[in-house]
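Trainee: One letter stands for each residue in the lines below.
There are 2 protein chains.
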Amino acid sequence: MATTTLKGQPFDRPILDSMLRRRMFYTPSFEIYGGTAGLYDYGPPGCALQANIVDLWRKHFVLEEDMLEVDCTSLTPAEILKTSGHVDKFADWMCKDPKNGEIIRADHFVEEVLEARLKGDKEARGKGKAAEALKLDDAVVKEYEEILAKIDNYNGEELGELIKKFELKNPTTGVEPLPPVAFNLMFQTTIGPSSKALGYLRPETAQGQFLNFAKLLEFNQQQMPFASASIGKSFRNEISPRAGLLRVREFLMAEIEHYVDPEGGKKHSRFHEVQDVELVLLNRHTQLAGQTNVEKVAIGKAVADGTVDNETLGYFLARIQLQHMANEMAHYAADCWDAELQTSYGWIECVGCADRSAYDLTVHAQKTGAPLMVRQKLETPISITEWVAELNKKLFGPQFKKDGKAVQTAIEALSQEQRETLAPILSRDGKITVEVEGVSNGKVEVSKDLLVIEKRTRVENTREYTPNVIEPSFGIGRILYCLFEHNYWTRASDGGDEARCVLSFPPTIAPTKVLLVPLSGHESFKPLLKYMSLKLRSLGVSSRIDDSSASIGKRYSRNDELGTPLGITIDFQSVNDKTYTLRDRDSTKQVRADEETILAAIKSLVEGAKVWADIEKELPAFEGQEADLPVR
Amino acid sequence: MATTTLKGQPFDRPILDSMLRRRMFYTPSFEIYGGTAGLYDYGPPGCALQANIVDLWRKHFVLEEDMLEVDCTSLTPAEILKTSGHVDKFADWMCKDPKNGEIIRADHFVEEVLEARLKGDKEARGKGKAAEALKLDDAVVKEYEEILAKIDNYNGEELGELIKKFELKNPTTGVEPLPPVAFNLMFQTTIGPSSKALGYLRPETAQGQFLNFAKLLEFNQQQMPFASASIGKSFRNEISPRAGLLRVREFLMAEIEHYVDPEGGKKHSRFHEVQDVELVLLNRHTQLAGQTNVEKVAIGKAVADGTVDNETLGYFLARIQLQHMANEMAHYAADCWDAELQTSYGWIECVGCADRSAYDLTVHAQKTGAPLMVRQKLETPISITEWVAELNKKLFGPQFKKDGKAVQTAIEALSQEQRETLAPILSRDGKITVEVEGVSNGKVEVSKDLLVIEKRTRVENTREYTPNVIEPSFGIGRILYCLFEHNYWTRASDGGDEARCVLSFPPTIAPTKVLLVPLSGHESFKPLLKYMSLKLRSLGVSSRIDDSSASIGKRYSRNDELGTPLGITIDFQSVNDKTYTLRDRDSTKQVRADEETILAAIKSLVEGAKVWADIEKELPAFEGQEADLPVR
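So the sequences go chain by chain: A and B.
Position 381, counted from 1, in the first sequence is what the working numbering calls 537; the numbers after and before it change by one each time, with no gaps.
Position 184, counted from 1, in the second sequence is what the working numbering calls 340; the numbers after and before it change by one each time, with no gaps.
These are calculated hints, taken from the structure and not from any lab test.
As the structure is a computational prediction, the values presented were derived from the model and not from experiment.
Mixed in with the good hints, there may be bad ones.
Said to hold, decoys possible - Calculated cross-link-like contacts (lysine-lysine; reagent style DSBU-like; alpha-carbon spacing at most 35 Å):
no. : chain 1 : residue 1 : chain 2 : residue 2
1   : A       : Lys215    : B       : Lys745
2   : B       : Lys389    : A       : Lys523
3   : B       : Lys371    : A       : Lys682
4   : A       : Lys306    : B       : Lys352
5   : A       : Lys352    : B       : Lys306
6   : B       : Lys691    : A       : Lys389
7   : B       : Lys557    : A       : Lys389
8   : A       : Lys352    : B       : Lys371
9   : A       : Lys255    : B       : Lys238
10  : B       : Lys321    : A       : Lys352
11  : A       : Lys710    : B       : Lys371
12  : B       : Lys215    : A       : Lys691
13  : A       : Lys452    : B       : Lys371
14  : A       : Lys245    : B       : Lys389
15  : B       : Lys686    : A       : Lys215
16  : B       : Lys766    : A       : Lys686
17  : A       : Lys533    : B       : Lys686
18  : B       : Lys238    : B       : Lys599
19  : A       : Lys255    : B       : Lys691
20  : A       : Lys163    : B       : Lys371
21  : B       : Lys306    : A       : Lys766
Claimed, not checked - One-sided and incomplete, this derived list gives chain A residues near chain B with beta-carbon spacing under 10 Å:
no. : residue
22  : Ala193
23  : Gln555
24  : Asp559
Just so it is clear, CB atoms sit at the ideal spot from N, CA and C, and this is done for glycine as well.
Model the full structure from these sequences, guided by the hints.
Mentor: Shown next, in the form of structure tokens:
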């Protein structure tokens, strides 16, 4: 658990949360109507932060790797999500409280009650003396801990058995909930005027990308491997969302689908560029045991010794780690599939990195007949010898009539071994018996005038294969929340004892880069404010003017909360000699220089070419605003 | 109708459409499943074009005007859209064909059948001799034309009467459809595990902005006027969407809600900056009459003479016009509320510019009690004298018990005139009779120990008002489609007679700015390709390499279709002396210079600082690739 801030102070989540809402980084949606769990709006600074993260992500992945970005619809007809398996399987288990009708997520319920009991046990054993403290048998403690370690793996029936076995009761009502039932997490609607045209809001952006695979391959001039990418909203109807921005019902995702030949070990041509990148690789077991201080390992070594399955997966894990470092996100860990960030809520999966194999492309191709595959021209043609079962279609159809299709399918499904066994029988008896489900008594005779079975050799110039998909999938909202926690700290107020919040976002992602403050409301400052604001805009640097009547200190601390890294003060000396002071949010140190020098310093800081320490060395320090200097 | 291309050639929509799909600007969603009407995906070039338009829009409006951008959820509880009026009124009229069950939009149906009859009449009168040509009476022609001119204004009953009166039949089945019924255009779903929690997908981004008004005003430090803005998806369940990207069920909107004091003529502080901007202002009548060649008028004059209602509305119309000019979109017209673009489908509303008055803020405030209003400190306090009706709450409650609230509401609702009349009666009779709906017999007696009615004077230091909202609302997908039509033309192929498509996007919004083509697959070109690609990326200029085996000409024409404005050819001379040729998409002219000069030229073109004519003057022309020069 991250129990300290960036500067090692005790971390107090309610203070951070209240500041984030007050400064409108985010706000519960429809709050004046009482709000709706799991739905949040981003206000101006949250919106800008989100846009900057998306922009960085797009540069780091889409542009750097020439990915094919697509923008597909959220509305999705039911048939597609039926094929992908989401209609049948994308569900959580929920329980209803028979007393108050409350609906709770079964696994979370079991987890919470068992954790509360373990906490009570700890208190009863130790010095804590909570009212509910109740000592448990050592064997029970061990059993609870084992259940919690694999809580994600239970199905509904098993969760129901746990509730019964341990007599788990809803703390609100004191009664045991009803047995778990499956609840599909997709939002259902109908598309068009007919109530029969069922549809869902997509639970991931991936399906839209898969359905366009053939067109994307064509767009990429049939070259493999390649990746598509998509940034967009997805929707999951969580049963009882909590944990603020971490578990929401509508969220921005950035997903990459990298299509790779399943043969040849899933190599990646740029793997050598990242092979020395070091990662903290934790398997789930180590992580649950709380051992987070394990050693770093180079991704090259991890792929070589099999810890990470293949180069392509390893390449993306390293690239995710590199973006993480660029953004200075703290506390990172990845196992083969998840990249998790540490927060006050525990380790949170922010990036999933899954090998989806050929599953999705295969099921959609089977369902629609669309060729979601790659035809690779072989440099050396290969000859293939195999048993062929060839039907005489002219005679076959008339004989079997409506059963023809079923019989044909059964014959085509015969394995090489079966064909080898049947061939001599067909030539000896002049007929064979084939099992066909649902036709006559399940057995059909086929005579040799309708069917030839023989070994043949053919030469292939192309190879057809369904690509495998490596999918790095980013939850932008979760990354955003982690950035809040990891960049938050407090400092004592100048005069009082009230702690002031600071969000030390790196300049590259800060919502606003520069705060412009005039020393006072004096008319002579106005033209300079406007001038500097236009200058910064022409450099592509976002700025904000605060010319309210609050004190300079108050205006700065307001913008420290917004994470604005730099501040320019316009004072009477500025009016006289066009010099400005530049303030650093984190150290509150100031330097003073002429316009050109200040603008150059800002640009280098915002682009990440320099850090504040460089600027402090180069420019003269400034100690206080000369508020009483007259305008000459 | 736009019946010609940019270069005056006959405009052939099917050719453009097929090219746009082939190059994956857009594609019907779920096409391998047969597609779903009104849902489209953007492929890589469409996605990049969309991102560039959004980026320009954000710079032109949000950053330039310091608007407060928010990102609100699409999922919206039913109660909110009930309050806003969408649940009751956001509907179209639909008819069912009793024979084949087809569902058609009633107004479109009437329109299509009447237009077909008028077309038949024209052919019968003229030289055309279509099978269905049928001459109509002059009076009937006139009546049809009048109906078509106001087709948007009929309600369901009236549309039903038109269908009956003119015996309008579905061309597919030959039968008259059933009477129109209302069909709500919002997609319905449920939020959370209870089936009772109805919700909708938002039909506009506006409501989310309105609900956050109080917080946004606070964020803006209580300063008026200000604007919020939002870029995001909205959803409308169109009955039978046609017209490709112009009428879709899921679309990207960019909406501005500008909050302004309803008093003082809705002035705008920056109006003087735009007052000389000229617009073609057409009222709906002129437009329907087909008179599009009317004169331009300066917005300052239009506001002064009342053609445009107020400065704020005028300011946004001018700013919309300025962005339009920057993007070189052709054929623009605006009446007071719509900005329309001309396409082969006719004039299309791409930007709505509405004065929503105080409606939305008022209904949400009434429903929730939230203070969606501005408290303005008055420089000079004002004294207000009025009739006050004051209840003695201590005695009032116990007397009326459960009816108390209703009686109180009725008394508070008494007008100034009623109070003036009732005051002497109360003092004379010691009681008055008040009408209260639903309480006893509708009349309630209130005695003077419970109520005082008298004239009082009070001094107000603040003024409270609900702002009015001016809303410029942009349909990004429609603007995107107009850009396709307005930038499309064809040129004859070099060798053959097949026409080649060109999309002449301005460099600022083109999906990719530079195409990098090596003269051949020769190994010596590879390092230079990579080098130039990195150079361009470091300048923030997007590029794409085409090193396929197709001829240079073919590779260029492929990218002319993608709208790539510039091309760099890397040939053997480049390997020797680091000079490159730069090609202009529109003229196909080329210049040659060293790396630094070429990169500077590209940057100035992409930023809009120069046009190709400038570059041609500055740099030496290049006539053909020197393919056979050996590598030294």
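Trainee: For every hint, state whether the structure bears it out.
Mentor: So, going through the hints one by one against the coordinates:
Distance restraint check for A/Lys215 and B/Lys745: the Cα-Cα separation of roughly 31 Å lies within the 35 Å cut-off, and the hinted pair is therefore satisfied. A hinted pair counts as satisfied when its Cα atoms are at most 35 Å apart, and B/Lys389 with A/Lys523 qualifies at roughly 30 Å. Taking the CA atoms of B/Lys371 and A/Lys682, the gap is near 27 Å; set against the 35 Å cutoff, the hint holds. Proximity of A/Lys306 to B/Lys352 is assessed by CA-CA distance (about 34 Å); at most 35 Å being required, the pair is judged to hold.
About 34 Å separates the Cα atoms of A/Lys352 and B/Lys306, which keeps this hinted pair within 35 Å; it holds. With a CA separation close to 33 Å, the supplied pair B/Lys691 and A/Lys389 stays within the 35 Å bound. Straight-line distance between C-alpha atoms of B/Lys557 and A/Lys389 comes to about 51 Å, which puts the hinted pair past the 35 Å bound. Annotation: proposed proximity of A/Lys352 to B/Lys371 is violated, straight-line Cα distance about 41 Å (limit 35 Å).
This hinted pair checks out: A/Lys255 and B/Lys238 have alpha carbons roughly 31 Å apart, not beyond 35 Å. For the proposed pair B/Lys321 and A/Lys352, the alpha carbon gap of about 32 Å is at most 35 Å, so the pair holds. For a cut-off of 35 Å, the pair hint linking A/Lys710 to B/Lys371 stands: about 20 Å separates their Cα positions. For the suggested pair B/Lys215 and A/Lys691, the alpha carbons sit about 15 Å apart, so the restraint of at most 35 Å is met.
Taking the CA atoms of A/Lys452 and B/Lys371, the gap is near 45 Å; set against the 35 Å cutoff, the hint is violated. For the suggested pair A/Lys245 and B/Lys389, the alpha carbons sit about 28 Å apart, so the restraint of at most 35 Å is met. The hinted pair formed by B/Lys686 and A/Lys215 meets the criterion: a straight-line CA distance of about 17 Å does not exceed 35 Å. Only pairs whose Cα atoms come within 35 Å are accepted, and B/Lys766 paired with A/Lys686 is accepted, the gap being roughly 27 Å.
A threshold of 35 Å between alpha carbons decides the hint, and for A/Lys533 with B/Lys686 the separation of about 26 Å falls inside it, so the pair holds. Distance restraint check for B/Lys238 and B/Lys599: the Cα-Cα separation of roughly 32 Å lies within the 35 Å cut-off, and the hinted pair is therefore satisfied. Of the supplied pair hints, the one linking A/Lys255 and B/Lys691 is violated, its CA atoms being roughly 68 Å apart against a limit of 35 Å. The hinted pair formed by A/Lys163 and B/Lys371 meets the criterion: a straight-line CA distance of about 31 Å does not exceed 35 Å.
The hinted pair formed by B/Lys306 and A/Lys766 fails the criterion: a straight-line CA distance of about 64 Å is larger than 35 Å. Interface hint status for A/Ala193: upheld, as the beta-carbon distance to the closest one in chain B is roughly 7 Å, under 10 Å. Evaluation of the A/Gln555 hint against chain B yields a violated restraint, the C-beta minimum of about 33 Å exceeding 10 Å. Here the hint on A/Asp559 is broken, as its CB sits about 28 Å from the closest CB of chain B, past 10 Å.
In the structure shown, a violation is registered for the earlier hints numbered 7, 8, 13, 19, 21, 23, 24, in ascending order.
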